[in-house]
Amino acid sequence: MANGTENAGKTVYIIDGSRTPQLKAKNKPGPFIAGDLAVAAGRPLLARQPFEPGDFDEVILGCMMPGPDEANIARVAALRLGCGKHVPAWTVQRNCASGMQALDCAAHDIAAGRANLVLAGGVESMSHAPVLLNNDMVGWLGEWSAARNFGAKLAALSKLRPAYFAPIIGLLRGLTDPVVGLSMGQTAENIAHRFNISREQMDAFALESHRRLAKAQDEGLLNEIETLYDTRGNAYEHDDGLRRDGDLAKLAKLKPVFDRHFGNVTAANSAQITDGAALLILASEEAVDKYQLPVLGRIIDSQWAGLEPAQMGLGPAHAMAPIMRRRGLTIGDIDYWEINEAFAAQVLACLAAWKDADYCRSELGLAGALGEIDHARLNIDGGGVSLGHPVGASGARIVLHLLNVLKRTNTRRGMASLCIGGGQGGAMLVESGRE
Amino acid sequence: MTESTYKNWRIERDSDAVVWLHLDKAGSATNVLSSDVLEELNAILDPFISEEPRGLIILSGKPNGFIAGADINEFVPLKEPAEALALIRRGQKACDKIAALKCPTVALIHGFCLGGGMELALACRYRIADDDARTRLGLPEIKLGIHPGFGGTVRLPPLVGAPAAMDLMLTGRAIDTRAAKKMGLIDYAVPTRHLKRAAHGVVMNPPPPHRPKGWLALTNNSLVRPLLARTMRAKVAEKAPAAHYPAPYALIDLWQKYADDPARMMQEEAASVARFVLGDTAHNLVRVFFLQERLKSLGKKELIAPRHVHVIGGGVMGGDIAIWCALQGMRVTVQDRKHETLAKVIKRAYALYKKRLKQPRLIQAALDRLIPDDKGVGVSHADVVIEAIFEDITAKQNLYREIEPKLKPGALLATNTSSIPLEVLSEALADPSRLVGLHFFNPVAQMQLVEIVSSPITDPEVARKAAAFTRHIDRLPLPVKSSPGFLVNRVLMPYLLEAVTMEWEGVPATVIDKAALDFGMPMGPIRLADTVGLDICLSVAEILSQRLNVDVPPRLRELVSAGRLGVKSGQGFYTYHGDKPQMPRLKPGYVPPSDVAERLILRFLNEAAACLREGVVADADLLDAGVIFGTGFAPFRGGPINYVHESGVETQRKKLQALEEHYGKRFVADAEWAEL
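The listed protein sequences derive, respectively, from chains A and B. In terms of my numbering, the first sequence opens at residue 1 and continues consecutively. In terms of my numbering, the second sequence opens at residue 1 and continues consecutively.
Since the hints were derived computationally from the structure, they do not count as laboratory data. We put the CB at the ideal spot given by N, CA and C, even for glycine. Hints should not be assumed to be uniformly reliable.
[As the list claims (entries may be wrong)] Covered stretches of chain B (chain A as the covering partner; in silico rule of three or more C-beta atoms under 8 Å from a C-beta of chain A):
1) 189 to 203
2) 333 to 343
3) 562 to 576
[To be verified] Just a few of them, taken from the derived set where beta-carbon distance is under 7 Å, the chain B residues facing chain A:
4) TYR350
5) LEU352
6) LYS587
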């Protein structure tokens, strides 16, 4: 039901990381395919290291929907980054937590002594999600190409129906649970209902997310961002989903998008569809010493949890709890939290679940309620609602940002977690500094 | 399998009685069709006339390519028309023997296949080429002031149609396998692994030979030719005036007159080439070819293995240098604090890569190698660091102080400065001997020359490495002394300023520019000033005027302070729409002064003489080479010093004296004239 990684082996260090600005999808393919984003995040990161790109033992990337020319996108990115033919690379997929999965895999290999230096992270170009032909069309095309003469072509043509042209939008399918048949937004509606989370609470949370991001941008706190450059002479320096002009009244006017008419989850209190990449460098003690690497922090523990797919948004509550129990931690022991904002409702539901003694007992197997996570210590520089959720990348982004927050505030312990479509949660406990 | 060997050729006869003829020119890394190679080939082919093999496959034993062309060294000593004609007829004869064989004949091509080598391949019935990126095919004879002479003009138009054939011969450009296949110049483009199988297969099952299809088949028709010829002449005239470059026009005439009679055309082709080979244009263009070889030899690639280049400053020069180095396969970090500047660099890079590389995969790879670096982190990885920030002594010195401790041991540190003495800049360095100048010209992608600038304290080994680096990025190094303007800007400046002065005196800009074009310059001086930017001209002129015999005309200051900076501001001497100038009409009845060209050219020549005297470059040939590749100085004149010699030292000196009497001391002959 759940599997956790107490890093019993060697210490896993995170030494550095970069990400791209996250670019909101604008109803057409954006300027960058996934590979471009991974390369853009990775090049400046590698350029400032004392070692060469070819010194990595492996490259691991999380990605949910790589482009058609990007099968095993980690290998594509590794080669494009100049890691050379001898550095193996592999791609992992755990939906919304693919980026965190990549870090977990890298941590495993380092802890087990199989690797000393790993480039890991996540990437997603949601605006480039595939649009597919339906099966009727594929069948018809087969017939068409088999028709060898004019008569046969004509006969095939007569069988073509307008309905065959209806495309399958890969992104919508990807964000719909195939087992329970609910869109991700509908699962958020589910848990909002369960924990009685109001539209006003969701909108207020969304507004606060934008406010925090605006402040972080203004104060230059997002220094893990590397500017993106397209081939038309544009530079992209910031997450462009930020709205500085929102207010509660405006948000209240928006129509719900998933449960039409009577739902509460709107585009504004959900994560934005975005393109982005985040890459981190993980190292063993041996590599840290060999290359004299500065240490950003360590991965202490991680946890994956499964739950009812229709309640997938509660995944973080399920994944973080075993780490807390295993490590004997109370909420006050964690300095900062990053819980990916897939939906405002879903983060609020996670907080509510931990305060709910019944839920903690029956669903999390705890003796009582865990307590309340202080919103002032959670997603302090904004989250998916304001800066977007490029699904494959977010898991890596929140770990990287959390470490930067710990460094900035000179604090020690942080917890990063995401909910995962299909009914899972993932969590990672990190600590700042070398020891 | 039987084999027999000549000095340059190896004959191999396989079990199917197919003859494989390997060319492996003795004592040379490159195959050229020298006299001995052709004589042996003629001897080898003779027995085939009576006893034909199953097929004949001609291939190269050299790794670098098929055949680079005729042996240019054999052109130099030619004096008599009969000699030249004999040399050409010998090549034609060998090609004719191949073409006359009834068995299938195949040229199996890898690497370069140029000039006479291409013509030999054209004499074969089939051409199969390696689809490797290094394969290049073409007929560059026109660049040497001649045209194809081993039957190329006769065989190419019927093979691929006149438009493509004439374009290839008139431009002299080399094309890759994709373009060659599309054109029909080759029959098959195959991977290296299948080359021999393909050649053997074609001999055993010969397909119908290639012929142009559709309307292209009609382009050699005698009714169509006059029409097409007229368009071709007009197109050539844009680039190469007939007075200076007669060969392209002769080539068009040849085709127009004789395309219906191949035997006659063959004779006329030979006669025409024989005539041009002995002419001044070819003589000087061959000289330019050898000057280019000499510049190449000044950079010994093995002295440096540059993998990572760091360019500081993403402006026009810095950005374009970075873009060029990444195109040449290096990893490049380009440092600039401004994101908008870096964004423009990537945009320009994409435009260039798209034009040069065409294939999306290659474009992406080149863009991946070009890394925008707003924090300057690339400097510590770089094998070569090129500083190209604005011309300010303090800013440059502060930068050097900051980066010197971060440099990799042995990394090359170069500046692209055009006006600040290196010895001043290097004061900021703990090791001042490591600073060298790499002075590129704008636009970097087109200007082949790079001045390698040494100050008295520059370590000569560092300068040699800098020259070696330019060979890694396919540019031509010219070692120069660190003196104001180095060579190229220095010889250009008096010439430009004289043009500005004349314009101020009331000579229309178009008249001045036309005089220079008529002399053979690639662009008139007024337009050149507008293109470079009048502000830049002014600052270079001011720097030079402090130390040299140059006065800055008030007109230049006037335009700059009025914000008329040239092409970039839309207005300079001319008014621009995009980068096209509006050419004002001359007043009816205007008679230009008779000495426009002389005033321009003699100031140029006089400054060149001064550079020679001061030892800005090592010798007169390097001066000519630098000026031709750095300024585009009329190549058919073989360089300024060569021109002085050919037109007569005394004649030019007298002209200079006359100008001095009329216009004053800026025309005082440099002391070097006595030594010329």
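Status of the hints after comparison with the structure:
Requiring three or more residues with a Cβ within less than 8 Å of a Cβ of chain A, the coverage given for the region 189 to 203 of chain B is violated, as only 0 such residues are present. Here the region 333 to 343 of chain B counts 5 residues with a CB under 8 Å from a CB of chain A, which clears the bar of 3, and the coverage holds. Proximity of the region 562 to 576 of chain B to chain A, defined as three or more residues with a beta carbon under 8 Å from a beta carbon of that chain, is not established by the 0 residues found. A cut of 7 Å between beta carbons decides the hint on TYR350 of chain B: the least distance to chain A is about 4 Å, and the hint holds.
Hint status for LEU352 of chain B relative to chain A: violated, with the closest Cβ pair at about 11 Å, above 7 Å. Because the beta carbon of LYS587 of chain B sits about 43 Å from the nearest beta carbon in chain A, more than 7 Å, this interface hint is broken.
Checked against the numbered hints given earlier, this structure breaks hints 1, 3, 5, 6; the rest are met.
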